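The residues making up each chain are set out below.
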Amino acid sequence: MKKMTAMALLLLACCSLSSALEPPQDIQAADAPNDEGQAINLSWSLPPHPEASPVPLKGFQILRAESPDGEFKEIGFVLAGKSGYSDTGVKTGTAYYYKIKALGLSDSAESQAVGPATATAQWFDTSRANVLVLTIILTFLLIWYIERAKKGDQLYIRKIQGLDAIDEAVGRSTELGKPVLYSFGLGEIRDIVTVASLAILRQVAVRCAQHGTELLVPNWDPIVMAAAQETVQQAYSEPGRPDLYKEGNVTFLTSDQFGYAAGVDGMMLRQKPGAVFFLGYFYAEALLMSETGHSIGAIQIAGTTAITQLPFFIASCDYTLIGEEMLAASCYLKRDPQLLGSLKGEDLVKAFLIWGFALMSLWATLGIILQKNGNPAMINAFNFIRDWFITG
Amino acid sequence: MKKNIPLVITFLTGLVIVVTFFTPHQPMGSMQQRLLIWYSIVLGFTMLLGIDSLLRSNLKKIAGRQPGWIYAAALVAGFLITMAAGLYTWIGTKSLLTLGSSFMFIYTYVIVPLQATMFALLAFFIASAAYRAFRARSMEATLLLITAAVVMLGRVPVGAELWDKLPVMQDWIMEVPQMAAKRGIFIGIALGTVAMSLRVILGLERTYLS
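Heads up: the sequence lines are chains D and R, in that order. First residue of the first sequence: 1, per my numbering; consecutive thereafter. First residue of the second sequence: 1001, per my numbering; consecutive thereafter.
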């Protein structure tokens, strides 16, 4: 009987020993890379199969102190299964020590202190090196083509029907004795597409001034309204018709999305413009406005970089400028050799990317075939290049 | 001089923004955020310009009894009533969002239903635009019609009931040709944006200066 009791006690002791909570291992504390010196990253190893562990683990308490013997205070908690934590409450240049405490349902286990770790600010974000390299290549090509254009090289630019149709649209409006309506959508002045749209507005306004046609520009953003007023006023002076400019025609409507759509729809239904331009950034109001424009029989030219709205414009407008065509508008309309040169540089980068994609597809395919034959070097090189492009 | 000073400001601001994108170190790290705050402050003031423009143009219409002046009168009345309710609520409760206040009443029972009505109209406009786009008048339009039918049917339970391959075909259309076209447009937009930004920073693109 005594023998049996001793064996039972031994078994119980073994069980209790094997189920003791252990603190996390391999704790690393290091400065967070590519930041302004405001974070320290912590990482640790999890048990091989934490879900199979006999000890229920709630999570890990993160403790921090400014000296290894100082008072460690809790700064955060992560659930079991996580193996990292980013301490964003640190001061730049101060050394910190960390302990990780594993918390069970009834007990806990604290690690040794690790450190010191110091948060430092970086002068260059290495994760964005790919963007820098591509920007430098693009800038070099733009400047090179601009210089070529300056020397008198003839640069071919394909026709953009939507921009060629501006004269036709304004002319038709003039013949019908109807106004022209121009909308920037919900674009702000900091959107590059709005800046591009201002260039097209200028061209439309010059044509309207030449033909004596009224131009209506309802706005959603008051800063865009101020820029549009300035652009239209200047454009009316170009053909010597500043008297035709009416400030009340370039007006603010509302900053509410559907309120703006209702306002523009109302203007279209009451004043029946002969030509409508939707050039800028649009959301769900795009179709509400362009279908109303279609219903009144106006010739409609649209353009946006909002990819989700392009199908709606294509379905309901006569001409649609797709994405980059919008951004090329000022170069196309002005025909200035320097601006055209910059477009050619952009095209060359596009050609480089297309060839790059084709080459990389071939590379990846060959890499997978070779990997199956036991040679992973090619696919590893492909993965390295791919990862370099997708970081940042 | 009138054009050179804005060009210099644009160049320097553009340069700072580009540098801040690559430099997390202070003072560059938070510069972009700070410029956005400045932009918000300027936007707040320009809202006054907007209100001035809106009221002046509509009051002119009312005074001249121009066609549609009654709509202008409704707009001015709506503006004044909402502003009065807002001021009354703010003075009384020190907040515009007080539940049960006159301002929240206008917001909940006038503005929100009007917005919802406009948004709901989208369903009818999508139907009319889709009808025009999907009419099989040419080879391209017929292809579009077939593709649209497959995608629409593949996305609803009845599609799988009709033919179990429809959801698979729908997935392939969305993930391969659709995604390829979309990424092509995205790349074009990204390059166009960089090129346009460079033109603005280098002073080649000056239309925004009028």
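Since the hints were derived computationally from the structure, they do not count as laboratory data. Computed from a prediction, not measured in an experiment: that's the story for all the values here. Yeah, the Cβ is synthetic: ideal placement off N, Cα and C, and Gly gets one too. Don't take every hint at face value.
To be verified - List of simulated lysine-lysine pairs, DSS-like, C-alpha gap at most 30 Å:
1) D:Lys150 - R:Lys1003
2) R:Lys1061 - D:Lys344
3) R:Lys1182 - D:Lys159
4) D:Lys246 - R:Lys1182
5) R:Lys1060 - D:Lys334
6) R:Lys1061 - D:Lys178
7) D:Lys334 - R:Lys1182
8) D:Lys272 - R:Lys1182
9) R:Lys1060 - D:Lys344
10) R:Lys1182 - D:Lys350
11) D:Lys151 - R:Lys1003
As the list claims (entries may be wrong) - Sample of chain R residues with no beta-carbon within 12 Å of chain D, all distances over it, derived:
12) Pro1024
13) His1025
14) Leu1087
15) Ser1102
16) Thr1108
17) Glu1175
18) Gly1184
19) Leu1209
Hint check:
For the suggested pair Lys150 (chain D) and Lys1003 (chain R), the alpha carbons sit about 22 Å apart, so the restraint of at most 30 Å is met. Of the supplied pair hints, the one linking Lys1061 (chain R) and Lys344 (chain D) is violated, its CA atoms being roughly 48 Å apart against a limit of 30 Å. Proposed proximity of Lys1182 (chain R) and Lys159 (chain D) is supported: the alpha carbons are some 22 Å apart, at most 30 Å. Between Lys246 (chain D) and Lys1182 (chain R), the direct Cα distance comes to roughly 41 Å. Violation of the 30 Å bound is thereby established for this hinted pair.
Of the supplied pair hints, the one linking Lys1060 (chain R) and Lys334 (chain D) is violated, its CA atoms being roughly 36 Å apart against a limit of 30 Å. Using a Cα cut-off of 30 Å, the hinted pair Lys1061 (chain R) and Lys178 (chain D) holds, with the two alpha carbons roughly 19 Å apart. Straight-line distance between C-alpha atoms of Lys334 (chain D) and Lys1182 (chain R) comes to about 29 Å, which keeps the hinted pair within the 30 Å bound. Of the supplied pair hints, the one linking Lys272 (chain D) and Lys1182 (chain R) is violated, its CA atoms being roughly 34 Å apart against a limit of 30 Å.
Only pairs whose Cα atoms come within 30 Å are accepted, and Lys1060 (chain R) paired with Lys344 (chain D) is rejected, the gap being roughly 48 Å. At most 30 Å may separate the alpha-carbon atoms for a hinted pair to count; Lys1182 (chain R) and Lys350 (chain D) meet this at roughly 15 Å. For the hint linking Lys151 (chain D) to Lys1003 (chain R), the alpha-carbon distance of about 25 Å falls within 30 Å, and the restraint holds. With 12 Å as the threshold on Cβ separation, the claim that Pro1024 (chain R) sits away from chain D is violated: the shortest Cβ distance comes to roughly 5 Å.
With a least CB separation of 4 Å from chain D, His1025 (chain R) falls inside the 12 Å interface cut-off, contrary to its annotation. Non-interface call for Leu1087 (chain R) relative to chain D: holds, since the shortest CB-CB distance, roughly 19 Å, exceeds 12 Å. Remark: the non-interface label on Ser1102 (chain R) is consistent with the geometry, its nearest Cβ contact in chain D lying 19 Å away (cut-off 12 Å). Distance check on Thr1108 (chain R): its Cβ is at least 15 Å (rounded) from any Cβ of chain D, clearing the 12 Å threshold; non-interface status holds.
The beta carbon of Glu1175 (chain R) sits about 16 Å from the closest Cβ of chain D, which is more than 12 Å, so the claim that it is off the interface holds. The non-interface label for Gly1184 (chain R) is inconsistent with chain D: the shortest C-beta to C-beta separation is roughly 9 Å, within 12 Å. In this structure Leu1209 (chain R) is not separated from chain D by more than 12 Å, as the shortest Cβ-Cβ distance comes to only about 8 Å.
Against the hints set out earlier in the document, violations occur for numbers 2, 4, 5, 8, 9, 12, 13, 18, 19.
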